[in-house]
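**Q** Residue-level listing of the chains:
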Amino acid sequence: MRLANAWPGPVLLGVALAVAVTALLDEPSTGRTLLVSVFLLLGPGLAVVGLLELEDPWALLALAFGLSVALDTAVALVLVYITGWSPGAGLAVLVVGSAGGALAQTFRASRAGGAG
Amino acid sequence: MTYASRAVALVFGPPLRAIADWLAPGERVLLLTVGRQRRGVLEGRSRERTTWSRPGLRAFALTDRRLLGARRNGVRLELPLSAVRAARARRGALGSGVLELGLPQGALVVEGLPGADAETLAAALAQGSPGDSPTDLGSPTALHLHRGSLAGLAPVLLADLATLLLAPAALVIWFAALQGVRIGEVGDVGLVGALPLSAIVALLALTAGFALALARDRLGVAVVYVVVLVVALYGALVPIEEVSSFNVTWRHTGIAQYLAQVGTVDPDIDAYFNWPGFFAALALATKAAGVRDALAFAAWWPVAMNLLYLPPLAMIARSVGGDARLVPLTLWIFVLSNWVGQDYLSPQALHFGLFLVVLAVVLTWFGGSERGARPRVARRLRAAIASEPGAVARLPRGGRAAVLLVALAAALAIVPSHQLTPFSLLLVLVALVALRRTWLRGLPLILAVAIFAWLVFAAVSYLSGNIDELRAQFGQLEQTLASNVGERVGGSAGHALVVRARLLAAGLLWIAALAGAAHRLRSGRRTWSLVVLAAAPFGLPLVQPYGGEIVLRVYLFALPAMAALVASLALAAAGTRPLRSGSVVFALTLALLGSFLVTRYGNARIWLFSREEASVVDRVYDVAAPGSILVAPSTALPWQHRRYAELKHRNLSQLEAPPGGFGERALARAVLQVVDDKGEGADGYVITTRSTRAYDALFGRARWGSVVRLERALDASPSFLPIITRRDGRVWMAAPDRGRG
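Same order as they appear, the protein sequences are chains C and Y.
Going by the numbering used here, the first sequence opens with residue 1, and the numbers climb by one from there.
Going by the numbering used here, the second sequence opens with residue 1001, and the numbers climb by one from there.
Just so you know, these hints were derived from the structure itself, not from any lab.
In this text, a Cβ means the ideal position worked out from N, Cα and C, and glycines have one as well.
Any given hint might turn out to be false.
[Unchecked claim] Reference listing, derived: stretches of chain C covered by chain Y, where coverage requires no fewer than 3 residues with Cβ under 8 Å from a Cβ of chain Y:
1) 22-28
2) 33-43
3) 53-59
4) 67-75
5) 98-112
Given only the sequences and the hints, what does the whole structure look like? Please build it.
**A** Shown next as C-alpha cells:
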C-alpha cells in the first residue's frame, strides 16, 4: 500500500465526522469555521477523486477542489430552486457522501495493503 | 541498533536492496556511498535542451562496469563508465564532496558525498575504468554503508533545513511588523507607504530563500516558499483590519444572508440573483459553520483562493514539459503578479479557480491533436503547432473518463455562478480546439449549450431588462478601453501613481511573456497551448466593458499562461549555474514584489474600514424601517451586508451637477430628490464615513462636490436631521415632513 494513496480516506473520514459533530453541537467557533471551510472546499471532491488513486498530489488537490465546489454549488442550487431551503439537509448530503467515499478509499487501501 | 542506524536503514535500506538486485552476476562493487542528486538527464524529454530527473537522496554504487544510483523506489541511474565525457570532484559546503559529470545529454551533479568518495568516483569515471579503487566489496547480496558514507550529507541537509526555516521565520517577522500598522497610516499609495522596515526585511528574506532554493534545485522547498509567500502577501491586511475590508465583500455577504434567510431566488432583485450559485453555496457554508454572516470567511479568503489556484496552475505549467524549475517559478511569478484583487469573497475568486481546474485537466490529459479535426486556419501555423509532443500524465484505467467528468462538473458549476467566467472559459476552450491544442471538441459545445440554457431559462429576467444595453456595448472596443483605462488615471497624485504603476506592470508582464513565447518557439519547445491561454481572454473586451473592469479580468484570465511564459524566459536567462540562476530569480522577484505592493494594495486606504464606521452603518440597519432608502456619497463603505432586499441602497455617483456646481442648499435638495426619487415616501438616511471621505481624496471629488461639502449642506438643511455623529461616520435622516413643510 502506497502511503500517498492511504492518507486521503482516513483523513477525510475524520474531517467529515468532525463537521457532522460540530454541526450537531452547533457551537460557533473559529475552529469550526476553519473545519467547515476546508471540508467544503476539498472534502466532497476528495471523496470521489481519492478513488482514482492519483500519484500526483497537484492533480489530486486540483481535482478535489474543482469537484468539491461543483458539488457544493449543485447541492445549494437544488436547495434554493427545487427542494426548499434546508442547509442542514444540504450539509448532511455532502457529509454522508464524503464519508461514503472516504470509507470506500479506506477499504480499498486496506485491501491493497493486505494483498501487498 | 541506534536511532541513527535505524534512520539510515529506513532511508537507504530500499535503495541498497535495489542496487543489490540490479547487480549482474559477477559484477563487483568497489565503492558504496550516498549523496544528493541535483540535476540529471535520464528521465527528461530528449527534445528539451535542459532536462531533469527528480533530485533527491540516493545511494550510489561504483562497480567494475558502471555507476548505479538508486532512490527509495528503485534504480533510476545507470551510467556505464565509458559514457562519461568529463568528471570532476570539488569541495562543497563544510568539506562535503561534489561530483560533476558531463554526459552526452547534459550535466549531472551529485552533492553531499564524502570528499574522498567524490574524488574516487571522479577518477574512475574520468578514466572510464575503476582504476585503483580503495575497496572491493565483492558481489554481495546485501550491501551495507560504511561509517563515513553519511559524512558529506549532513552539511547539505543542514543547508536545506536552514533554507526551509528561513521561510517561517520571515513569515513571523512579516506579520509581527504588520501588527503595528494602523488604518490611519495607510495613505494615497496604499499599504506600501505604511510598511515598517522589518516587513521589507521579511520580504527580502523570502525572496532570498526562494532564489536559493531554486538555484540549489530544492524544488519542494521552493514550493514551500510559494505557499508562505501567498500567506504573507494575501493575508497582509488581516493584522491591520478592524473589520472586514472591501465594500463588495460586505455586499456579497448581504446577498448570501438574504438567501440563507429567505431560501429562494428572486431574479428581479438584481443581476446577482440571476447567477446565484456562489451565493447559495456561501449561504450553505455560513449555516454549516454556524457563523452570523459570511464576513467570517472574508479575512483569509484571498489566501485560501490563491493557495487553491496553485495545484491547477502547477499542472498547466507542467503540461508544457521541460525544466522542472518552471513549475515553482511559474507559481512564484503568478503570486507576485496577481494584483488585480479579484480574490476577495466573490464568485469571480472561486470560479477563477474552477476555470484553472478545467484548463489543467484539458491540457494535462487531453492536450495534443491526435483526435482533432484539421484546422482551417494558417497552414504554416498548423505545421509548427502540430510538431509539439502531447502531454504526458499517468492515470489508472478509466481515469481519463473520470477526470473528464470532473472537468465537466467544474465547467458547468461556473455557468450558474458568474456572468463572465463561463464566456472566458468558452473562449479559451474554443481557441484550444481550433488550434488543435486539445481534441475535446465536445466540452466547449456542452459549455456553450449550458450558457445559452442558463441565459434563456434562469437569467431571462436580467437579460430582458438589459438586452439593449448589452447589444449597444457589443464591439465598442474604444468605449470599453476608455472606461477601463483612460478614466481610471486620475485622482490624487498618489492614486495616479498607483494606476500608472498598474498599467506599467501589466504592460511589462505581457511584453516579457511575449518574449518568453518567442524564445520557447525558437527553442522548439511546447508553447502554443500557453499562447492560446494567454491570448484568448483578449477577445473579451469586444463583448462588453463589464462595468469598466474588463481589462482587469483579461489580465486575470491571461495571467496563468503569462506567468508560465515569463518564468520560461527567466529560466532561459538564468541558465543552470546556481549563482547566475539565483541572481536572476532574486532580481526578477524584487521587481515584481515592489510592483505588487503598490499595485495590489494601492487602494487600501478606501477599502480598509474602521470599527467605528462599521458600527455607525450597522446602527442604521438596526433602526431603519422596511423599505427605507440608504444613500451614500459613493459605494466605498461597509454596507449592504444585512437586509439586502428589504432596504434600498443608492449612491450619488450618478448625480448630475449644473455647470457651476451645486450650492449647499441646492446640493441638499438634490440629495433629497435621490431619497425621494420614485416618490415612495419611505424613510431616508444619508450616510458618510471615513472611507467615503478617503474615496474623495483618492479618486478626486465627484461632479456634485465633495463629501465634506455634502456634510455641511446636510447639517444646514432643515430637510435632514443628524442622528449619528461620530469621528468616522455620520448619519442624517430625511425629515419626515420634508417637502411637505
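**Q** None of the hints should be skipped; say for each whether it holds.
**A** Results for each hint:
1. Given a C-beta distance limit of less than 8 Å, the hint that chain Y covers the segment 22-28 of chain C holds, as 5 residues qualify and 3 suffice.
2. Judged by the Cβ-Cβ criterion of 8 Å, the segment 33-43 of chain C is covered by chain Y as claimed, because 5 of its residues qualify and three suffice.
3. By the rule of at least three residues with a Cβ nearer than 8 Å to a Cβ of chain Y, the coverage given for the segment 53-59 of chain C holds, with 7 such residues.
4. With a threshold of 8 Å between beta carbons, the proposed coverage of the segment 67-75 of chain C by chain Y holds, since 8 of its residues qualify and at least three are required.
5. With a cut-off of 8 Å between beta carbons, the segment 98-112 of chain C has 0 residues touching chain Y; three or more are needed, and the interface restraint is violated.
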